[in-house]
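Peer 1: Each chain, letter by letter, is given below.
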Amino acid sequence: MKSLLKFVQTYRKVYQHATIFSAVVVVLLFGFFLQAYMHDFNLVYITLFFVFSLAFSAGPISVSNLIFLKSRYVHLGRVFANEQSSISIEIENQSSTPSWAIKLYHDDESVEMMQIKGDSSVIAKLPFTPTKRGVFVHEGCYLESKYPLSTARLTIPIGVSYEGIAYPTPKGKSLRSFISNQEDIYGEEREFDGLIEYDGSQKLSHIHWASVAKGDISVKTFSKEQEVPKLVFDFYKAGKDDEARLSQLTLWVLECERLNAPFTIKMPHKVLKSPQEDIDVILSLLAKY
Amino acid sequence: MLSLASLQNIRPTPLQLLDISYIIVLLPLLLILKVPMLIFAFIALALIKIHKNPAKPIVIMGVFILGVFALFLSQYGAFSFQGLSRLKLFLELLVYILVIVVSMQRLTRVVNFYLLISPILLLALSLFFFHGMMMLIYVIFEIFFLLWMILSHRMGSNLVDSFRASMVMFMYSLPWVVVLFIFFPRISFEHPNYGFRGEVVRHTGHDGTMFLDNKSLLVPSNRIVMEVGFEDAVPPIGTLYFRGSILYIDKKDHWEPLPSYIKRDNQYYYSNQEPKISYKVTLYPTNKKWLYLLDMPSFAVKKASLDKDLISQVKKNIDEPIYYQATSSLSDHYTTQLDRYIYKVTTQFDTNSNRKAYKEAIKIKNSTNDSEKRAKAIIKLFQEQNLTYSLKIGSLDLNNSTDSFLFKQKYGYCVHFASSFVTMARMVGIPSRVVTGYKSDRSNSINNYLPVREKDAHAWAELYIKGAWRRYEATSTASIIEADENTDTNQTQTAKNQEKLNLYLMYIKYKVETWILYYSNIRQLQLLKYAKENPQFVLFFILSILVLVLATFVIISYFRRPICGDVALCTIQPLLKHLKKIGYKRERDETLHQYLQRYAEDNPNNKYILEIDRYYEKIYYGEDKSKESVQALKRVVREAINAKD
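For the protein sequence lines, the chains are A and B, in the order given.
In terms of this note's numbering, the first sequence opens at residue 405 and continues consecutively.
In terms of this note's numbering, the second sequence opens at residue 1260 and continues consecutively.
Keep in mind that the hints are not guaranteed to be accurate.
To be clear about the criterion: a stretch of chain B counts as covered by chain A if any three or more of its residues have a C-beta under 8 Å from a C-beta of chain A, and this derived list gives those stretches [what the hints assert, rightly or not]:
(1) 1379-1392
(2) 1549-1559
Between beta-carbon pairs, the in silico distance windows are [stated by the list, open to error]:
(3) B:ARG1847 to A:PHE460: 32 to 40 Å
(4) B:ASN1371 to A:VAL539: 45 to 53 Å
(5) B:LEU1798 to A:ILE527: 48 to 56 Å
(6) B:ASP1861 to A:PHE460: 20 to 28 Å
(7) A:SER578 to B:ARG1847: 37 to 45 Å
(8) B:LEU1807 to A:VAL539: 56 to 64 Å
(9) A:GLY544 to B:ASN1371: 29 to 37 Å
(10) B:ASN1546 to A:SER500: 53 to 61 Å
(11) B:LYS1836 to A:HIS479: 26 to 34 Å
(12) A:MET518 to B:LYS1836: 22 to 30 Å
(13) A:SER500 to B:GLY1415: 19 to 27 Å
Source of the hints: derived by calculation from the structure; they are not laboratory data.
Keep in mind it's a predicted model, so treat the numbers as computed, not measured.
The C-beta atom is built at its ideal place from N, Cα and C for all residues, glycine as well.
Chain B on its own, in the form it takes in the complex:
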């Protein structure tokens, strides 16, 4: 086992230090390397291990050819000029090239400038691929580790000395990092997207439209849209639907809301017999007007409208965080009158498209006149198709998207389920529409706190049955979908404890993510606002920073303290420091014995000095390292320091 004592004897060469650094920075990147490149990396590693002398040019050329071949195989299919515009692919290519070049240079055994800076380049590249909590911990470890390796090289010392020096330096920089992190202005794109402008990547999230095409890859985003604090516990998962917008018009490749000239009447209160819950929402900038309210909202939020579709909007786009309190009844339906125009819009479908679905719909329509039974028949039809929920979809026939999804592709995500369900509901004669918003996952909550993320964006269907708009969860008809019901009753105590622990860990993770990974200018403004409103917070903040500085200095002092190689020397160190402090310096070439004797002659009142000298001789030269002798030496040293000279 690698012990501290063994580290004291290790003095790695510059090449060894570089090798260790490369292994550390390459570890996370191994997760993104394709198999051919991984094989190449291991071959290169084996060659580096084998070659104790600089490799011959032919070997280096062989590594180059092998690397290019591995690169070609790794990027085969994904590689195109169009693909290169995708940042992720481009970065992956950079990583591959860097791995090849570094392997070639390493085989020459010549430490050049590029070999020295490449670990930092690889670290920077890995930051493009990972930004979770694990990576946060790993990045801090990587920074410390690279610092350790740099200092080991610079100091030419053993690993313990360089570790101590790097710890000191790391601690010096820590308060600066904290202060910079909190106050450094976050000037960035308002909507950070993964990749460069023009890239055909689309995030999850609600934006008021619903595309069915597969032109872009849907990237689940963990960005928090809003934080919801319930007065009581977080409601069950099947009820956590936050309404965003209603889509009425099927445009084949996407769904649209009603034209802007059609005004829906506003109302401020909606009566419902279901129990009501209150909650507070912090909504982060969306650059849209929607407020997300839990199904079904009971009141209009202050300074916002609530229309007949229970859609809440503010007048201006939301470009700064807003806070609102809302009340909703946890119901899956609400009663309302259906006017003629809405009836017309919500029953409209293209008779020339989706012929197969239409044929099935006619069968259902003819089997019963009851709308509820027709809806159930549609659910049954969906269930029979063995549909799969997936964010990665194949190419749909957009002219017959329902047919294509239900009977051909058979996999898609919420928008495909909702769109097909609404289309079929209309075909069987039920007024229906698509509702988009967020459906949250209770497993992400702790206590009464529920964060809603962009990846929670959802679409579901609403069918007008028996005088009420009723929610139908079309996605639940998928054959492969994660169960979301809690099974508390069947859990053992250990499982419950694990879940509890998990929840707390998630809560910590959530706090870390909120305050570190997703810390933004909004949070900065929040902090400033809070500081303005609570002057004692400023004092608390300054005190916290001072405590941090103090803690780092304690750690620095610990790692800066000189290491004593011998127990006798260690024991009398306080006395030597004391003598130095009072101005009694040890002369050049003076032995410790002579020094103590001189002091004893000059200060005959301090009777302990000669005793110390005797004990020191006994322990150091007599090799009597017994506990009693050391304790006795400690005692006389203490008394000598306390004695008046």
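Next comes chain A alone, as it looks inside the complex:
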């Protein structure tokens, strides 16, 4: 009864489109009728009635195949302008019976799910390529099914939308190229290990002046000591125009993230520093620029 109520409530939300097979059914019905009319064969009448009844009962079956599906967007991950990524949509089947041959559509992109089991859900990854950076709204997705007889194509809008940010397309010169063109970009990274007696070979900068005051000459030792680049990206020097600059900065940010290297971006009115600010926050600011 509950299912019937749901069926009645949701029935109008389902759009039905005829397919070529619905024309085949019509031709078949007409042909069978002529055959039955001319020859009065009850076998033909029986076949005719079966074709009619099956086509007729396919209607409610195909509708109930769709209406118990509830969709929602799940976390998308990073999306970059002009780069193919995927939109993840969770489709939950709220009926106890499985839904068959469901296609998730958005514009020309589609994902097919042959079966969504009863009382369970699947995550469909829909290919998605934003054409420009910035905030985007993903909407207009719909579920389609030709189940059971392919005589009708049924669609139902998923009814939810998703607002996300497409980061600028990461492109431009590599971080290695940036570093090689810079002078004095290295800083030092040290990890204090202890003190040892000065023997004249150590760097003067490593002398522990507190020990000198006590009458000893000790030097500091470090378990790790290496030179690290000081990465400061200037917005205006990053490219010829704003889009090129944002793309270049995005690329460097991603490379720095991969190398776990801290960086600073000098934006026109703001300075963005990593790791003080989260990479995604920095990328979002670049996207919204």
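Model the placement of chain B on the given structure of chain A, informed by the hints.
Peer 2: Just chain B, lined up with the frame of chain A:
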């Protein structure tokens, strides 16, 4: 062996599904394929089996040439433009072409639109060729099977899932089919003939004339002419002659009744010493005026005439079913006066025709003066000719049909036997005439119920001997004729049981044929009339439909139920449904253990939940699938559901 479990692992490809569908729809059509076409079909099948990749164009061309050659050989002799007007031949040709085209397309391994719809076309074509009870069962199976294959393709699932889905769909449609079958108006030609108009095919059946020519093929029709219900058992076979019309005048290629201006006196009662039997007849529309009464009728039927020849007629053509009660005496003769005109007509024959028969007749005539002995001599002459009973006859010389049939062709059916017998009887000087009507077969009856079909149409001779018209069964002189006497006394008990079973099967078949295969607008009107007269029938009918709907829903529920893959999950399903029903939903990403724990915390009174959790863990993860553990889990699940939360 193909088990259910193995079906669960089978996911046929679209091509495999199509192949299976073609095999199913082609099976009945194999019975009509001629040998060359059969050979072609098997070669095509072998090629399809061999080629795992798309066949080369030269192979496809070879198949085409082979197919055309097989078609030519199959239709050789039958093929002509005149032949094409015959629907059966035309349809056969269509089947052949379809088989060739489908084989070619299948070899390309490309599933196109035409390949997809061809199984249904072949199914439709097979309906032209077969319309018996077996085909009825097979057609329903075919429809279900094709549905199964379509759904398998659409769902991309295993065969068990698609079977369950197709069963659900089939059951949804079943009540509609039943209702449509009963009520859909049967608007059709009044006399359904096999084939298009103008076709030279003639059905069996009685229409008041009797042609001897072989211009047309005689097609035995199973259409029921009348149903006879006897008060007692069905009389023996040798007595089941239903009189239709009397033919007096030999027109060489056919026999005719007396001219319409010759009126035969009517009578309403005919006295006879033989025992009488009563019976009820339902006569279906014939568009003729004759009522068929069992030889020899005793009374005129109400609102119908009975003339001196014991022929019964109504005033208007019968265009709707009529019901009448009749009484007859099972006799092969009746006494009557022979007037001069009838004597003249019934002794007339053409002296210039049938010279050989005439020569034999003179010999018989000269051998004895006794009419009965002369008749016996004619029977003996017929028996000596080794005649064969056959519906397919050669071309008779219509100017000398008796000579041609008796001494040259030597095979024919009842009309040739009766016509020749009457001609010879006239030649030996016995007044004689042809009687046409129906001779029924008792083997088609059950209890006191006898259906008479068009194929039971018959012609026999009546000779006027010793003041009475006496029936002579000329067809019985054929050397090859089926024995029709019952041999109950010699039968073993098993044989008797088999016969009894057979009779019941026939009775069921008869009922199915009457109410399904030959269901017509007449039956619809009968039902309506009966419903008008018996309002309780309407209630009964509605209840029957409701029971059918209920039964289909039970089957649908059975096939829609989710399948549990694990015994532990199956066992706790009722509890999960119960919890869902009372609004306690399982959260996303929540394990069953967490779900049950949460419920137990929220409902501490329900002590069974934690026990269920333990048992579930034990069976599912501990793999303790012993009967005791499962039974224990079932018990606690039941108690948990019944417990007040």
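Peer 1: Can you tell me whether the CB distance of A:GLY544 to B:ASN1371 sits inside 29 to 37 Å?
Peer 2: Since A:GLY544 and B:ASN1371 have Cβ atoms about 33 Å apart, the given range 29 to 37 Å holds.
Peer 1: Could you tell me whether the CB distance from A:SER578 to B:ARG1847 stays inside 37 to 45 Å?
Peer 2: 42 Å, holds
Peer 1: Examine the region 1379-1392 of chain B: at least three residues should have C-beta closer than 8 Å to a C-beta of chain A.
Peer 2: holds (count 7)
Peer 1: Does the hinted range 45 to 53 Å hold for B:ASN1371 and A:VAL539 at CB?
Peer 2: 46 Å, holds
Peer 1: Is 53 to 61 Å right for how far apart the beta carbons of B:ASN1546 and A:SER500 are?
Peer 2: Hint holds: Cβ distance 59 Å, inside 53 to 61 Å.
Peer 1: Cut-off 8 Å, C-beta pairs, minimum 3 residues; does the coverage of the region 1549-1559 of chain B by chain A stand?
Peer 2: violated (count 0)
Peer 1: That 19 to 27 Å hint for A:SER500 and B:GLY1415 (C-beta), does it hold up?
Peer 2: 21 Å, holds
Peer 1: When you take the CB atoms of B:LEU1807 and A:VAL539, is the distance between them in 56 to 64 Å?
Peer 2: The hinted range 56 to 64 Å holds for B:LEU1807 and A:VAL539, with Cβ atoms some 59 Å apart.
Peer 1: Quick one: are B:LYS1836 and A:HIS479 within 26 to 34 Å, going by C-beta?
Peer 2: At 32 Å between Cβs, range holds.
Peer 1: Taking the CB of B:ARG1847 and the CB of A:PHE460, does the distance hold inside 32 to 40 Å?
Peer 2: For B:ARG1847 and A:PHE460 the Cβ distance comes to about 38 Å; the hint holds.
Peer 1: Return holds or violated for the Cβ distance of A:MET518 and B:LYS1836 against the range 22 to 30 Å.
Peer 2: Hint holds: Cβ distance 26 Å, inside 22 to 30 Å.
Peer 1: B:LEU1798 and A:ILE527, beta-carbon distance inside 48 to 56 Å?
Peer 2: 55 Å, holds
Of the numbered hints stated above, those contradicted by the structure are hints 2 and 6, listed in ascending order.
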